[in-house]
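Using the hints, build the complex out of the two chains.
Keeping their order, the protein sequence lines are chains A and B.
Position in the first sequence counted from 1, then plus 699, gives you the numbering used here.
Position in the second sequence counted from 1, then plus 1, gives you the numbering used here.
Among the clues, some could well be false.
Unchecked claim - Cross-link-like lysine to any residue pairs, in silico, SDA-like; alpha carbons within 20 Å at most:
(1) B:K307 / A:R846
(2) A:K961 / B:R182
(3) B:K172 / A:D774
(4) A:K961 / B:K216
(5) A:K961 / B:T177
(6) A:K836 / A:E743
(7) B:K216 / B:A71
(8) B:K288 / A:G798
(9) B:K284 / A:E741
(10) A:K961 / B:A71
(11) A:K710 / A:R846
(12) B:K250 / B:V234
(13) B:K33 / B:R214
(14) B:K307 / A:D860
(15) A:K961 / B:T118
(16) B:K284 / B:I272
(17) B:K172 / A:R953
(18) A:K961 / B:Q95
(19) B:K172 / A:L951
(20) A:K863 / A:K920
(21) B:K288 / B:Q95
(22) A:K772 / B:S62
(23) B:K288 / A:E743
(24) A:K835 / A:D898
(25) B:K307 / A:E850
(26) B:K288 / A:E734
(27) B:K284 / B:Q41
(28) B:K172 / A:P773
(29) A:K863 / B:G293
(30) B:K172 / A:P956
(31) B:K284 / A:D898
(32) B:K284 / A:G798
Calculated directly from the structure, the hints in this document are not laboratory data.
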Amino acid sequence: MSTLETIPNSKKEVLVEILLRLADDRLILGHRLSEWAGHAPELEEDLALANIALDMIGHASALYGYAAQLEDKPDEDHYAYFRDDIDFKNIALTELPRGDFAFTTARLFLFSTFSYLLYNNITQVIEEEQFNGIIKKHFNEIKYHLRHSREWVLRLGDGTDLSKLKIQQAIDDLWMYTGEMFETDKTENLAAGYNLFIDVPVLKNEWMKWVTETLEEATLKTPDNNQYMFTGSRQGRHTEHLGRLLAEMQFLRRSYPDADWK
Amino acid sequence: MDTREKLDAFQKRIDNDEKIEPKDWMPDRYRKQLIRMMSQHAHSEIVGMLPEGNWITRAPSLERKLVLLAKVQDEAGHGLYLYSSTETLGARRQELVEDYIYGTAKYSSIFNYPTLTYADICVIGWLVDGAAIVNQTMLAKSSYGPYARANIRICREESFHKKQGYEMLAKMAAGTPEQRRMAQDAVNRWWWPTLMMFGPPDDESPNSAELIRWKVKTKTNDELRQSYVDQMVMEAEAIGIKLPDPELKYNNNTGHWDFGEIPWDEFWNVIKGNGPMNRERIKARRKAYEEGAWVREAAMEYARKKQLREEKAS
Chain A
700 MSTLETIPNS KKEVLVEILL RLADDRLILG HRLSEWAGHA PELEEDLALA NIALDMIGHA
760 SALYGYAAQL EDKPDEDHYA YFRDDIDFKN IALTELPRGD FAFTTARLFL FSTFSYLLYN
820 NITQVIEEEQ FNGIIKKHFN EIKYHLRHSR EWVLRLGDGT DLSKLKIQQA IDDLWMYTGE
880 MFETDKTENL AAGYNLFIDV PVLKNEWMKW VTETLEEATL KTPDNNQYMF TGSRQGRHTE
940 HLGRLLAEMQ FLRRSYPDAD WK
Chain B
2 MDTREKLDAF QKRIDNDEKI EPKDWMPDRY RKQLIRMMSQ HAHSEIVGML PEGNWITRAP
62 SLERKLVLLA KVQDEAGHGL YLYSSTETLG ARRQELVEDY IYGTAKYSSI FNYPTLTYAD
122 ICVIGWLVDG AAIVNQTMLA KSSYGPYARA NIRICREESF HKKQGYEMLA KMAAGTPEQR
182 RMAQDAVNRW WWPTLMMFGP PDDESPNSAE LIRWKVKTKT NDELRQSYVD QMVMEAEAIG
242 IKLPDPELKY NNNTGHWDFG EIPWDEFWNV IKGNGPMNRE RIKARRKAYE EGAWVREAAM
302 EYARKKQLRE EKAS
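The following block holds chain B by itself, in its conformation from the complex (with noise of 0.2 Å):
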């Protein structure tokens, strides 16, 4: 077969709702697309850590550090499995760490924002979680097998996740004055940087009638962003949360809520590295991957030896 009619093929596959699996064939441009999305998904994971880590030290009960401690330990799984479904497509983990931590690799611009009080801790469960959810449902249909799995496994585990976040949020909002405040103080934060996880307008974003065509994706930004929006008025509505847009209204025509403008402005900004915690990120990054140099140098030189010594054996 030659190219046009491998391509076609492909995309009878696609179209057909097979899924595509490591070995099979697939265009240069899926691949590197894929490789793209993936290693940026699993960044994400791995910067997350570092704002909710923030507060596991301050969890204000022991139940709530556990709850935490336990978050942030499922974000590095999260991780670990789609670094390991991107090296299926014949990627190495070290090379996409360090596309981002001394790169140009993105990852979710969401996590560049501070942790600043605890109920931040609840509203990156319940909003950052509750947006990453609306698109991992839509990935999990993705047609590259590996990646429609690990985030099958992810959307359950995060689930919970939202859950934890907005019961705990909905005891702080029905609690004392100063957990009311902290709790409408890190929405009116938050809001709007969870509008923009879902990326540019569709009219401004590049990869997506690509990805459309290929069903990595099966739905637009704006498309996921209006079920989000729609999703959390109810939701912040049933536990007393004024969420800090005036512009918010039903629309009776379309069945979904209107929302005001997105202050595009700042999420170009954030993207460029000119959000607030930016640097600070990527330097803690940076900081663990070469404190932690030694230790993978001694893993490495220690299974050597023994290997060695085994061989030597028998």
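In isolation and in its complexed conformation, chain A is listed as follows (with noise of 0.2 Å):
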């Protein structure tokens, strides 16, 4: 659904629309992430990132596959390559240059602590059963995410001076695209409704909560929310990046459609 479109209409078309503002969150920070691939600060660290972008990226494309299994389209792949970045519905918190490694840890970080509550209180309310198997099975990999990053908060912001400094600068740089994580709209009403997902904004004191005590623990401070916040990704408003990230990411499938690429 782009700026273009209607509101989905029918329970189907609810479900559809929240698969993929869940995957398209997922897909595009796999992404991001799997650009560290060989360049990370250490060994252990292409690990774990190589780790954290295969469970992102085996996520959404569980997610694109259930949908396309709805939608009756022929694979996942459908979504990921074939589609525009006005029809993607990620935040674009997760489309921003993969940045150095603070840059990577902030993001993560901040990502995998909405993930990890979203989640949580998702399985709780999903009656649809593929739908709540799927998101109980990631969900204990988002534990790992979050534990990850954290710790990793934890030792740039209670590290040297100058790993203060640039989780410090991280932080504050990401803090306007963290307001789209709680924004909803009518398709989210529609999809609390039908119990296949919840009201977000209520997610966002507990949010602030986990991230101000993590901020603390690191001696680092919690930006202002009265600030600029970014709006409009969910609904295909994207920032200029997400363009160049699909153009690198679509171009050989595109370019050959008709070949077997699985």
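Here you go:
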């Protein structure tokens, strides 16, 4: 659903929309994390970042696969390779360029905290069995993403003066992209009505509490929420970065769409 | 025991196929040769992440993306495992790493070639990992225990990578005209460099005799190369891929496939640093190492502070 399309009008359409929103966040952030392969600050982090990227892209693939089944599309690749940036629903936070290790750590921590709370809550309301099963399975891996990124926020925040400066800068730079996590719209309201989703704004206080606690422990400052917040990505209004990411990700598949690439 | 007696006893253990373990006595030269070989192997795994990593963000399906990402992650794991094994000989990881990114230590020259199309990823899985398996299957029987065990584990994963690469290449070779073109082109580019992976011909291989006497290796470069060629001729034929050597011919007398002259000038040139990607590979590794310095320092400083706090508390 881009800005041009209407609100989904059946339970199935709502479910597909929710699946795509969850999947797009994970594919795009997974893509950014996968860019680290071979370039991480130490070998252990090459392993860890690749591992988390694998989880995220794997989660996206499972969610797309389910949507494809519902919509009678060929497979999960339909959504990853054959949609344009105005069709993607990921929040802008996930599409921002890779940045340095501080930026990667800060983004992963802010997103994983959100992801943890979201999954923990939606597994309790989703009645759709297949959907709930997928989310529960992925939730276990998200716990690791949160733990890993939190530990690095502590190390960088309470490490050297330089690392503290860098991680604080990253948190500050990312803050304006965190508002989108807690936005809701008609589609999500409908989804909550069908017991397919929750009212995400209710997660904000708990997210703030968790993030603030970790930042304090890391001797860092929590940025002010009274600042400009980026908005619109869930409706397809992205930054300029997504188009380039997709150009790279999709080029081969789109150049030869009739070939078998699986 | 004097040195002569120690040496004799050591050779006797080797001849009896005993494994040498980290705390056992070993000649300095044995230790040095192993540190050289094992760290070279580790560096190769790490540099090898670069040409493959080049296609992660462009893989043509989510499934292939996951397969490639997992493969590159495995290479990092192999590197880590091999560095740890090398440390059992008294070397330090940081010094070994700095030895190849700033010094003269080598890594496998095969990774100094570029990956131009996605078919290159399949060919690396099939031919490059295929060659590595031939070599590592031998090294899995190496006299040095930790290295032998590392290779057993690595071979298991490499076999899986090879299968995945070969299957996708087979699919491309039987696919659309564009896929077939990419597949054949990639094989044309990678075939000769993979033959060079086994090292110089036996009569120009200075370390071989000693390594074989110590059973670090059990076969010569040329023997390994021949068994690789014999195997690959069959596998290429099975998927309709042509190996770019007009002189490939089955020899009834030897029971092996004869092959044409390997372009050794190219081999020595690439070793000297003059391959298409040598400078870029080293530059990328240096960049990661240098840009990661502040992260490693922060982690150490954090650990130090944490320990201090814990000591105070107790």
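Status of each hint after checking the structure:
Pair hint K307 of chain B plus R846 of chain A holds up; C-alpha atoms about 17 Å apart against a cutoff of 20 Å. At most 20 Å may separate the alpha-carbon atoms for a hinted pair to count; K961 of chain A and R182 of chain B meet this at roughly 18 Å. For a cut-off of 20 Å, the pair hint linking K172 of chain B to D774 of chain A stands: about 19 Å separates their Cα positions. Taking the CA atoms of K961 of chain A and K216 of chain B, the gap is about 43 Å. The hint is violated against a cut of 20 Å.
Only pairs whose Cα atoms come within 20 Å are accepted, and K961 of chain A paired with T177 of chain B is accepted, the gap being roughly 14 Å. Distance restraint check for K836 of chain A and E743 of chain A: the Cα-Cα separation of roughly 25 Å exceeds the 20 Å cut-off, and the hinted pair is therefore not satisfied. Taking the CA atoms of K216 of chain B and A71 of chain B, the gap is about 33 Å. The hint is violated against a cut of 20 Å. Our distance criterion of 20 Å between C-alpha atoms is met by K288 of chain B and G798 of chain A, whose separation comes to about 14 Å.
For the given pair, K284 of chain B sits about 16 Å from E741 of chain A by alpha-carbon distance, which is consistent with the 20 Å threshold. Restraint check: the Cα-Cα separation between K961 of chain A and A71 of chain B comes to about 16 Å, which is no more than 20 Å; the hinted pair holds. Taking the CA atoms of K710 of chain A and R846 of chain A, the gap is about 35 Å. The hint is violated against a cut of 20 Å. Distance check on the hinted pair: K250 of chain B and V234 of chain B sit about 10 Å apart at the alpha-carbon level, within 20 Å; holds.
For the proposed pair K33 of chain B and R214 of chain B, the alpha carbon gap of about 15 Å is at most 20 Å, so the pair holds. Note on K307 of chain B and D860 of chain A: the hinted pairing holds, with a Cα-Cα distance of about 16 Å set against a maximum of 20 Å. A hinted pair counts as satisfied when its Cα atoms are at most 20 Å apart, and K961 of chain A with T118 of chain B qualifies at roughly 16 Å. Pair hint K284 of chain B plus I272 of chain B holds up; C-alpha atoms about 16 Å apart against a cutoff of 20 Å.
Between the alpha carbons of K172 of chain B and R953 of chain A the distance comes to roughly 18 Å, so the proposed pair stays at or under 20 Å and holds. Taken as a hint, the K961 of chain A and Q95 of chain B pair is broken in the structure, with Cα atoms around 40 Å apart against an allowance of 20 Å. Of the pairs offered as hints, the one joining K172 of chain B and L951 of chain A holds, with about 16 Å between alpha carbons and a cut-off of 20 Å not exceeded. A hinted pair counts as satisfied when its Cα atoms are at most 20 Å apart, and K863 of chain A with K920 of chain A qualifies at roughly 10 Å.
Distance check on the hinted pair: K288 of chain B and Q95 of chain B sit about 15 Å apart at the alpha-carbon level, within 20 Å; holds. Distance restraint check for K772 of chain A and S62 of chain B: the Cα-Cα separation of roughly 15 Å lies within the 20 Å cut-off, and the hinted pair is therefore satisfied. Annotation: proposed proximity of K288 of chain B to E743 of chain A holds, straight-line Cα distance about 17 Å (limit 20 Å). For the proposed pair K835 of chain A and D898 of chain A, the alpha carbon gap of about 19 Å is at most 20 Å, so the pair holds.
Note on K307 of chain B and E850 of chain A: the hinted pairing holds, with a Cα-Cα distance of about 12 Å set against a maximum of 20 Å. For the hint pairing K288 of chain B with E734 of chain A, the CA-to-CA distance comes to about 15 Å; that is within 20 Å, so the pair holds. For a cut-off of 20 Å, the pair hint linking K284 of chain B to Q41 of chain B stands: about 18 Å separates their Cα positions. With a C-alpha separation of about 19 Å, the suggested pair K172 of chain B and P773 of chain A falls inside the 20 Å cut-off, and the hint holds.
Between the alpha carbons of K863 of chain A and G293 of chain B the distance comes to roughly 15 Å, so the proposed pair stays at or under 20 Å and holds. Note on K172 of chain B and P956 of chain A: the hinted pairing holds, with a Cα-Cα distance of about 15 Å set against a maximum of 20 Å. As the CA atoms of K284 of chain B and D898 of chain A are separated by approximately 49 Å, the hinted pair breaks the 20 Å bound. Between the alpha carbons of K284 of chain B and G798 of chain A the distance comes to roughly 19 Å, so the proposed pair stays at or under 20 Å and holds.
In this structure, the earlier hints numbered 4, 6, 7, 11, 18 and 31 are contradicted, and the remaining ones agree with it.
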